[in-house]
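Whenever a hint applies, use it, and build me the whole structure from the sequences.
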Amino acid sequence: MTVLVFVESPDDELSQQALTFARGLGDEVHAALMGEHAGPDGLAAYDVSVAHVARGLDVYAPAAWAQAIVELVERTAPAAVVGPGSDRGNEVLAHVAAKLDQPLAANCTSATPGDPPTLTRVRWGGSLLEEARLHGAPMLVTAAPHAVTAETVANAPVTVSATDFTPAVSEADLVARVSERAGAVAAGVSLTDADVVVSGGRGVGSAAGFSVLEELAELLGGAVGCSRAVTSAGWRPHTDQVGQTGTKIAPEIYIACGISGATQHMAGCKGAKKLLAINPDGDASIFASADYAVIGDLHEIVPAISAEIRKARSG
Amino acid sequence: MNVLVCVKRVPLTGGKIVLTEDERAISTRHLGFTISPHEECGAEEAIRLVEAHGGTSTVLTLGPVEAEEQLRDMMAIGIDRAVHLLSDGGEWDPQATAAAIVTAIRAEDEAPDLILFGNESADAGNYQVAIRVAHALGLPCVTGVKGMSVEGASVRCEQEVPDGRDVYVVPMPAVLTVKEGLNLPRYPSVPGRLRAKRKPVAASRPTRPDARLEMVRLVLPPGLGKHAEVLGRGPEAAPAVIGVLQELGLV
Ligand SMILES: Cc1cc2nc3c(=O)[nH]c(=O)nc-3n(C[C@H](O)[C@H](O)[C@H](O)COP(=O)(O)OP(=O)(O)OC[C@H]3O[C@@H](n4cnc5c(N)ncnc54)[C@H](O)[C@@H]3O)c2cc1C
Ligand SMILES: Nc1ncnc2c1ncn2[C@@H]1O[C@H](COP(=O)(O)O)[C@@H](O)[C@H]1O
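In order, the protein sequence lines correspond to chains Z and V. Using this note's numbering, read the first sequence as starting at 1 and increasing by one per residue. Using this note's numbering, read the second sequence as starting at 1 and increasing by one per residue.
Check the hints yourself; a few may be wrong.
Derived lysine-lysine pairs resembling DSBU-like cross-links, with alpha carbons at most 35 Å apart [claimed, not checked]: (1) V:Lys146 - V:Lys197; (2) Z:Lys270 - V:Lys199; (3) V:Lys146 - Z:Lys99; (4) V:Lys146 - V:Lys16; (5) Z:Lys273 - V:Lys16; (6) V:Lys226 - V:Lys16; (7) V:Lys146 - Z:Lys248; (8) Z:Lys248 - V:Lys226; (9) V:Lys146 - V:Lys199; (10) Z:Lys248 - Z:Lys273; (11) Z:Lys248 - Z:Lys99; (12) Z:Lys270 - V:Lys146; (13) V:Lys226 - Z:Lys273; (14) Z:Lys270 - Z:Lys248; (15) Z:Lys274 - V:Lys146.
Worth flagging that the hints you see were computed from the coordinates, not collected in a lab.
Now the structure itself:
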């Protein structure tokens, strides 16, 4: 039986993870690609034997892209359909599931074929896992981001056979489509790319209180983040929020000042290589996820760190 | 215009999740309850749309009797009325949830022009209930909306993507899923809370079909409970912090 993988593009990391995830779910991997410029280059390394390229779908229209996958499901009868755990991966697979009236498990960390298939999936933005059974066919899943590492195969096929097709998309499937791309409004070091994130919580006390965090972030070439308590109070914009409903980050070091460590906050920063927490409450739960702790008032400690950096640099 | 927003009652876990003995739920003995921040923004947007264009805002939930608390919370910030689909408290899978919501929407006297959802539920994060509802009702669906404006009979939606914002313009009625950051929800006032007590809640009890995405048990992810190295207390810890930053090559 084949397994069909929705590939956003062959060089997209989450799609490569989905291809890796799919390997155990069938004995032949097929890829579904969308758009005039889509091609199978690079997919052989991921053990893809056939690439189905849907033409006429250049603009992103989730229901139309799903229709293309539904046609492939009808034509190739795969055991499973796998998507990347990205915004588009989850969205397209949800449309596929709705059209086929089959169950879908989003953001799986593992899946095992069987009757019924079993899987483990992410809840609460990664703070909790769920073991589940999926009663439907084909098995519809998306691969949770970074649950598996993208791996190429050693004895990869030399070429991928590519077949074009033009799905019969209805008008209704094209109503919701991207009509325009507006530019980004970003300035400075972005939260997702920063090596250092200096983040503040309710303990910062006010919008003005963030100046000491901004100073430290600037000295370290980093970005400023915050908790939801801060955005709800209107001290910082939501674009600065780290967490389950904010941004997910993976810096070299995360410096959390005046943040208690709620699971929904930690869901956004658990990718950090190191975590330093500054908090006067020695029992704060953030210390259970921290590598380093400084106990005390951030308004005294953060300026002292900045002063020490300046001293080290001038000396 | 009529705007309906769907919300889900979830436990407000603090720094640590504790499971019940049968490992099928979060132990809520010491916890309060809330809804997803995405859904709060959906409710705020519904209130603003009705303030600007007239009509009625409705909040809908499928949940236990206690979920009336979340319906009253949303009516306290300005939602006009509520629809409560009473569940037995057990887990409803996304297909069953969507089917119950579709039946309830079809039973409404006045069809909503906009049906708002959270981008994903706080607890289950299935990323699909809204899309299934849209499909069943034959309506267009835009997800992850972080900016929206009503333009005549259409709604213009902006969605954040890695290199900018994607714009969608869809005719109403439409289904939208929204993300936190769309707006800054207001807090309830005391008079708002009093008014909410008198607002109407239409209750019904749908029957739960067998789950097709069947939760078997919950598991806490590995790797929790580190032992932090205490670098010091107060500003005297600064040199030790610099030591750490130097090790990482940052100073
Ligand atoms: C579905 C859902 C999604 C959520 N998503 C997010 C999210 O994306 N991001 C997020 O952050 N939260 C999120 N939350 C909210 C989360 O549950 C917490 O409410 C929030 O993270 C708390 O923020 P905080 O740590 O800043 O505040 P608090 O929990 O109030 O902690 C403040 C801390 O500051 C310390 N402090 C006080 N004074 C000082 C001082 N002078 N110096 C140093 N420390 C001091 C205190 O000891 C305390 O530990 C979500 C909640 C839900 C239900
Ligand atoms: N039990 C429920 N009652 C009302 N709305 C729900 C319920 N479950 C999910 N939803 C809505 O569907 C959205 C997406 O949920 P999900 O597909 O589980 O990620 C949520 O943000 C809610 O708006």
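Results for each hint:
no.	hint	in the structure
1	V:Lys146 - V:Lys197	holds (31 Å)
2	Z:Lys270 - V:Lys199	violated (42 Å)
3	V:Lys146 - Z:Lys99	holds (26 Å)
4	V:Lys146 - V:Lys16	holds (30 Å)
5	Z:Lys273 - V:Lys16	holds (21 Å)
6	V:Lys226 - V:Lys16	holds (13 Å)
7	V:Lys146 - Z:Lys248	holds (17 Å)
8	Z:Lys248 - V:Lys226	holds (20 Å)
9	V:Lys146 - V:Lys199	holds (29 Å)
10	Z:Lys248 - Z:Lys273	holds (13 Å)
11	Z:Lys248 - Z:Lys99	holds (31 Å)
12	Z:Lys270 - V:Lys146	holds (25 Å)
13	V:Lys226 - Z:Lys273	holds (13 Å)
14	Z:Lys270 - Z:Lys248	holds (8 Å)
15	Z:Lys274 - V:Lys146	holds (31 Å)
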